[in-house]
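There are 2 protein chains.
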Amino acid sequence: MADHCPPDTKDYPATERTRVRRSPERGSHAHADVHAIMDAAPLCHVGYVINGAPYVTPTLHWREGDYVYWHGSAASRFLRAAEDMPVCLTCSIMDGYVLARSAFNHSVNYRSAMVFGTARLVDDVEEKTDALRRFVDDLFPGRWDSLRPMTRQEVKATSVLRMKIDEASAKIRNGPPGDSDEADHPVWAGVLPIESRLVPPQPAPGLPDGIELPQSLAELIQSGRLR
Amino acid sequence: MADHCPPDTKDYPATERTRVRRSPERGSHAHADVHAIMDAAPLCHVGYVINGAPYVTPTLHWREGDYVYWHGSAASRFLRAAEDMPVCLTCSIMDGYVLARSAFNHSVNYRSAMVFGTARLVDDVEEKTDALRRFVDDLFPGRWDSLRPMTRQEVKATSVLRMKIDEASAKIRNGPPGDSDEADHPVWAGVLPIESRLVPPQPAPGLPDGIELPQSLAELIQSGRLR
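Chain order of the listed sequences is B and Z.
Take the first sequence: its letter number 78 is residue 78 in UniProt numbering, and every next letter is one higher.
Take the second sequence: its letter number 14 is residue 14 in UniProt numbering, and every next letter is one higher.
These are calculated hints, taken from the structure and not from any lab test.
It is possible that some hints are incorrect.
What the hints assert, rightly or not - Simulated restraints on C-beta separations:
id, chain 1, residue 1, chain 2, residue 2, range
1, Z, Arg77, B, Pro208, 52 to 60 Å
2, B, Pro203, Z, Ala74, 28 to 36 Å
3, B, Asp124, Z, Val20, 44 to 52 Å
4, B, Gln215, Z, Glu195, 17 to 25 Å
5, B, Pro141, Z, Ser180, 22 to 30 Å
6, B, Asp138, Z, Arg22, 22 to 30 Å
7, B, Gln202, Z, Arg227, 22 to 30 Å
8, B, Glu16, Z, Ser180, 50 to 58 Å
9, Z, Gly206, B, Arg120, 46 to 54 Å
10, B, Lys10, Z, His185, 19 to 27 Å
11, B, Pro141, Z, Asp145, 49 to 57 Å
12, B, Glu127, Z, Glu16, 32 to 40 Å
13, Z, Lys156, B, Asp124, 23 to 31 Å
14, B, Lys10, Z, Arg77, 20 to 28 Å
Said to hold, decoys possible - DMTMM-like cross-link-like pairs, simulated, lysine to aspartate or glutamate; straight-line CA separation at most 25 Å:
id, chain 1, residue 1, chain 2, residue 2
15, B, Lys10, B, Asp39
16, Z, Lys156, B, Glu25
17, Z, Lys156, B, Asp181
Even for Gly, the Cβ is constructed at its ideal location relative to N, Cα and C.
All chains should be modelled from the sequences, with the hints used to inform the complete structure.
Structure, rendered in structure tokens:
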């Protein structure tokens with residue numbers, strides 16, 4: 001999405017809750033770092049509070065500049081609970097296990113972004129439909145126009161939440177274990193990388209003959225990216 | 001871990017907060033379903049409340065029966081914030097995109113488990129060390145004994161949280177899009193499956209000659225599982 005935009009060199013504020021204290025060298029508040037993780041993660045975990053207790057639900061998200069969106073059934077109590085409430089939305093990608101010579105130095109290679117804001121319902125029907133179109137087309141370029149159009153009833157049955165990112169931090173670890181000073185301990189050390197990818201598609205049963213996989217989906221699968 | 005135990009046929013209670021209301025046919029409270037997802041997921045997202053606001057942090061977890069564990073630096077404000085507090089811990093695995101003929105019927109194949117309880121610090125040094133040993137050996141069988149032993153200072157610098165699962169639900173979607181009645185709309189429909197796997201290991205720079213990858217790690221990589 002950012003391809004046609006000038007580079008965003010801004011930072012989110014390093015506030016009391018987003019300042020990275022453990023291993024600060026792994027942390028960043030740069031828009032570019034936070035957004036890159038959000039855009040690469042296939043899903044996010046949304047945290048909110050109901051009656052003082054925490055709830056964490058997985059969902060797909062999409063982003064436009066400093067705004068993050070997610071959606072669900074208009075009847076979902078989780079979406080209703082998040083409306084006009086403080087939300088923490090976290091995207092995490094695990095890139096591998098880091099095996100060191102001691103238990104203590106074992107780690108994980110990962111990328112995670114934690115963003116905070118207040119979720120607002122997108123009520124305007126046109127704005128909501130536009131947001132859903134961007135959701136679909138960001139994942140699968142050009143798909144929206146090829147679909148059976150959304151009915152008024154379907155739009156009504158779908159809630160979209162939109163949240164301005166007020167505060168955010170990214171945290172990244174990569175590379176080998178950091179215990180080369182213990183290399184004489186005779187145990188295998190290194191990284192077991194994890195790779196997540198799209199594998200060959202499964203056409204729906206009964207898909208009529210002659211309907212081929214669109215080029216854009218074939219390219220996505222080829223790309224090695226999840227989105 | 002459950003290999004040597006009799007099958008667990010119990011259910012977690014379906015409470016106000018864990019009853020699956022949206023698509024209840026996808027939901028379960030069975031220990032077996034909840035635990036299978038927790039044991040397959042490489043990481044979890046822990047949600048808790050600080051000053052009324054939600055926080056969601058990714059971490060690795062491990063499980064023993066109805067108890068889930070996670071750990072971190074003893075100096076971590078997140079671990080301290082979760083201690084003796086209500087926590088929601090969610091494990092999610094995304095198995096694929098489900099592409100339908102309409103935007104509305106698009107979906108995701110996934111497995112997720114949401115568990116609730118109150119986190120307790122494991123203070124006893126021996127109990128804490130045992131828990132960490134199970135963490136390492138559950139991921140990488142036999143590794144603990146091959147490592148440089150943990151020092152007293154390292155145990156002290158590590159906090160372990162342990163939570164009895166009081167309430168839990170699992171939710172699973174799999175299979176093709178559910179819109180075969182719209183199969184005449186001429187667009188590709190089906191599933192784009194996602195596969196996450198361990199790829200060839202990267203030995204640490206300076207790993208002495210003659211230290212081979214242990215058989216148990218080779219088997220894990222071969223297995224196609226992440227843990």
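Against the structure, the hints come out as follows:
Arginine 77 of chain Z and proline 208 of chain B have their C-beta atoms about 57 Å apart, which keeps the hinted 52 to 60 Å range intact. Separation of proline 203 of chain B from alanine 74 of chain Z is about 52 Å and departs from the stated range, judged on CB atoms against 28 to 36 Å. A beta carbon spacing of about 31 Å between aspartate 124 of chain B and valine 20 of chain Z contradicts the range 44 to 52 Å that was offered as a hint. The hinted window of 17 to 25 Å between glutamine 215 of chain B and glutamate 195 of chain Z holds, with their beta carbons roughly 22 Å apart.
A hinted range of 22 to 30 Å holds for the C-beta pair proline 141 of chain B and serine 180 of chain Z, which are about 25 Å apart. Take aspartate 138 of chain B and arginine 22 of chain Z: their Cβ atoms lie about 24 Å apart, and the range 22 to 30 Å holds. At about 25 Å, the beta-carbon gap between glutamine 202 of chain B and arginine 227 of chain Z stays in the expected band of 22 to 30 Å. Under the hint 50 to 58 Å, the C-beta atoms of glutamate 16 of chain B and serine 180 of chain Z, about 52 Å apart, fit the expected range.
In this structure the hint that glycine 206 of chain Z and arginine 120 of chain B lie 46 to 54 Å apart at CB holds, the actual value being about 52 Å. Between lysine 10 of chain B and histidine 185 of chain Z the beta carbons are some 43 Å apart, a value that contradicts the proposed interval 19 to 27 Å. Between proline 141 of chain B and aspartate 145 of chain Z, the C-beta spacing of about 51 Å keeps the proposed range 49 to 57 Å intact. At roughly 33 Å, the beta-carbon separation of glutamate 127 of chain B and glutamate 16 of chain Z lies within the given 32 to 40 Å, and the hint holds.
Look at lysine 156 of chain Z against aspartate 124 of chain B: about 56 Å separates their beta carbons, and that is not inside 23 to 31 Å. Here the CB-CB span from lysine 10 of chain B to arginine 77 of chain Z is close to 26 Å, well matched to the stated 20 to 28 Å. With a C-alpha separation of about 17 Å, the suggested pairing of lysine 10 of chain B with aspartate 39 of chain B holds against the 25 Å cut-off. Note on lysine 156 of chain Z and glutamate 25 of chain B: the hinted pairing holds, with a Cα-Cα distance of about 23 Å set against a maximum of 25 Å.
For the given pair, lysine 156 of chain Z sits about 22 Å from aspartate 181 of chain B by alpha-carbon distance, which is consistent with the 25 Å threshold.
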